[in-house]
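Asks: Protein chains in written order, with my numbering: chain S, 737 to 1058; chain F, 369 to 697.
Hints were generated in silico from the structure; no laboratory data involved.
Keep in mind that this is a model prediction, so the values were computed, not measured.
Among the clues, some could well be false.
What follows is a set of in silico ranges between Cβ atoms, one per label pair, in the way DEER data are often shown [stated by the list, open to error]: (1) F/E401 <-> S/K1054: 40 to 48 Å; (2) F/R624 <-> S/P1035: 44 to 52 Å; (3) F/S594 <-> S/E758: 20 to 28 Å; (4) S/E781 <-> F/V457: 29 to 37 Å; (5) F/P697 <-> S/E758: 29 to 37 Å; (6) S/N1050 <-> F/G502: 39 to 47 Å; (7) F/N692 <-> S/S977: 18 to 26 Å; (8) F/E669 <-> S/R769: 53 to 61 Å; (9) F/D561 <-> S/P924: 51 to 59 Å; (10) F/K503 <-> S/S962: 27 to 35 Å.
Where a beta carbon is used, it is the ideal one built from N, C-alpha and C, also for glycine.
Each chain is listed here by its residues.
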Amino acid sequence: MTQTVFAEALNQAHVEEMRRDESVFIMGEDIRRAVYGATANLLSEFGEERVLDTPLSENGFFGAAIGASLVGSRPIVETLTSFMWVGMDQLISQAAKMRYMFGGQATLPVVYRALMMYGGGAAAHHSDRSYPMFMNMPGIKIAVPSNPADAKGLLKTSIRDDDPVIFFEDGTISGMRGEVPDEEYLTPFGEANIVKEGNDCTIVAIGGAVNHAISAAESLTKEGISVEVIDPRTLVPLDKSSILDSVEKTGRLVLVDPAHKVCSAASEIASIVAEEGFWSLQAPIQKVASEQVHIPFTPALEKLVYPDAIKISNAVKKTLED
Amino acid sequence: MNIDQDTLKLILRRMWIVRHFEVKVMEVHSAGEFAGAAHPYIGEEAVAVGACAALRDTDYIAGNHRSHGHPLAKGGSVNKAMAELYGRVDGYCKGKGGSMHLADFSIGILGESGIVGSSVPVATGAALASKIQGKDFVSLVFFGDGASNQGACHESMNLASVWNLPVIFLCENNQFAVTTSYEETVAVDHISDRASAYNMPGVLVDGQDAIAMYEATKAAVDRARSGEGPTLIEGLTYRFEEHSLGLGRVRRGEYRSEEQIDEWRKRDPIVIHEEYLISHEIASRQECDAISSETEKMVEEAVDFARNSPFPEPEELFEDMWANPIQQP
């Protein structure tokens, strides 16, 4: 195990997969100079043919990645979530639908790495956390890692998967350090991580919110409340049995989601538990998600929008009220 | 002219396949034999057939909603195409795609698209892969005058030029986006004029002349294959029928004059090609007629094939979602 920063773990995943499989290539804006860190040194090792700086043309190069994936290449696209709107036609009309629409003829091993730059005064146009919208669209797998080890393992799995994957990178943890195994490993899709075991209440948290859930769980321990924290790691596929098993044990559920709360990932998980785990529940499900407003620039207001440890602790306590 | 007699006859044969296919589709669609939209390619056959005659099986094509002519021009199966329109299991996409989503990956047909302009980046990406993989496959995308105003076209042409990709942008200018004339929506006289903005050749071709389409495409293919980059070709053509079957509210003469329709119908691409073959003694009248009747029979048989193919079973609903399947939510 080595202490590794999140962005560096992503970099390792790129390097290992590009060495292993020469059909893997990467394109995006300013990736040769690695402005976001994850693509550092790729140009010097893999050359201009496999590390492509693109024009500012998301619809164009998102679609070019699809076309390349159809004919034997395995493209990785680096982008920001907020720029994905510009290329939505290719993501939805083509990446998500092609395989089904063509009766299984098309195989699209393409990965879109989408950085979510929220929480740092980036304001409404650069702070999107859009994974729930893509959960609603059949045909796209979705990973949202919460720590460096999962970031590396899930990215390697994404690159090897034969379906389109959107890999959401939570910018609030880009600088997070964590233990990363020294030997090669893959983190499977559809297997939640039980981050912390507990008996009184289950918290399911997504992406950077997992850290807030852990903080809340630690402070609640001091008050004698035992919390189980689950990180789904991938939202499509979703490991619903781990969540349902935990709720069966604790009888209570708090969902923590940095996305806007309406039709969020939290909403979907709440719906699953209401349908399939209702008789395990001893209290109403609580949802701690981003407020249904745009992201304001001023730090005085922005910090009010997102889930934090205090909101999570309060929600847990609410499930324990008589 | 550098085009052999077999190719000239193949062009006639494929134009007749498309024509008979479309005439039959209009007949069976109006009889209610299958649902959904279908966009007849009648009048435009020379564009796709001439262009595809300049391609190899390993080259890629992608297309749009006016979708039957492209795969048939590249040698796709008439039976599978017809069965797909009928929504049957023996269709190209097992009935899941329908008229606007024909595809045959075994011969480089990477799919038609119902979203105007949406195939253009995809075809550009296939060309990118060809270049990265060190292959000499070229990619050709069919799009219309309407699509030429989409950002996807602009972005793709710029990408293809800066990366010097082996792709041919083939604009089928049939002059109308549903009912809106390209003269009202395109700021230049010819869509091919836009090529200069991307530093690539732009070629305006008579889209009723299959040989002219072949020659322009062949030149572009040769350029692409030898690493000289993309070309924009505009085939100026005309849609003889209405935009889509089932779009009953649009009537002849409402947005284009009867005189204009009649003038263009005089330039039927099949008639033009047959006259060439006969006057140059490449094929006799009888041979041309035989090609027509053989291909008409093929299409009749395709309709029987489609009618006799079963509909998919209910469990097929969840098939083909994933290459690497996951539990269905």
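Asks: Do the Cβ positions of F/R624 and S/P1035 conform to the proposed distance bound of 44 to 52 Å?
Replies: About 59 Å separates the Cβ atoms of F/R624 and S/P1035, which means 44 to 52 Å is violated.
Asks: When you take the CB atoms of F/D561 and S/P924, is the distance between them in 51 to 59 Å?
Replies: holds (53 Å)
Asks: Range hint 20 to 28 Å: satisfied by the CB atoms of F/S594 and S/E758?
Replies: Since F/S594 and S/E758 have Cβ atoms about 24 Å apart, the given range 20 to 28 Å holds.
Asks: Does 18 to 26 Å hold as the CB distance between F/N692 and S/S977, or does it fail?
Replies: holds (19 Å)
Asks: Does the Cβ-Cβ separation between S/N1050 and F/G502 fall within 39 to 47 Å?
Replies: Violated - the Cβ-Cβ distance for S/N1050 and F/G502, about 60 Å, lies outside 39 to 47 Å.
Asks: Indicate whether the distance between the beta carbons of F/E669 and S/R769 respects the range 53 to 61 Å.
Replies: holds (60 Å)
Asks: So the hint says 29 to 37 Å: do the beta-carbon atoms of F/P697 and S/E758 match that?
Replies: Holds - the Cβ-Cβ distance for F/P697 and S/E758, about 35 Å, lies within 29 to 37 Å.
Asks: Do the Cβ positions of F/K503 and S/S962 conform to the proposed distance bound of 27 to 35 Å?
Replies: Violated, at about 60 Å.
Asks: Range hint 40 to 48 Å: satisfied by the CB atoms of F/E401 and S/K1054?
Replies: violated (60 Å)
Asks: Given a hint of 29 to 37 Å, does the C-beta separation of S/E781 and F/V457 actually sit inside it?
Replies: violated (48 Å)
Consistency with the previously given hints fails for numbers 1, 2, 4, 6 and 10, ordered from lowest to highest.
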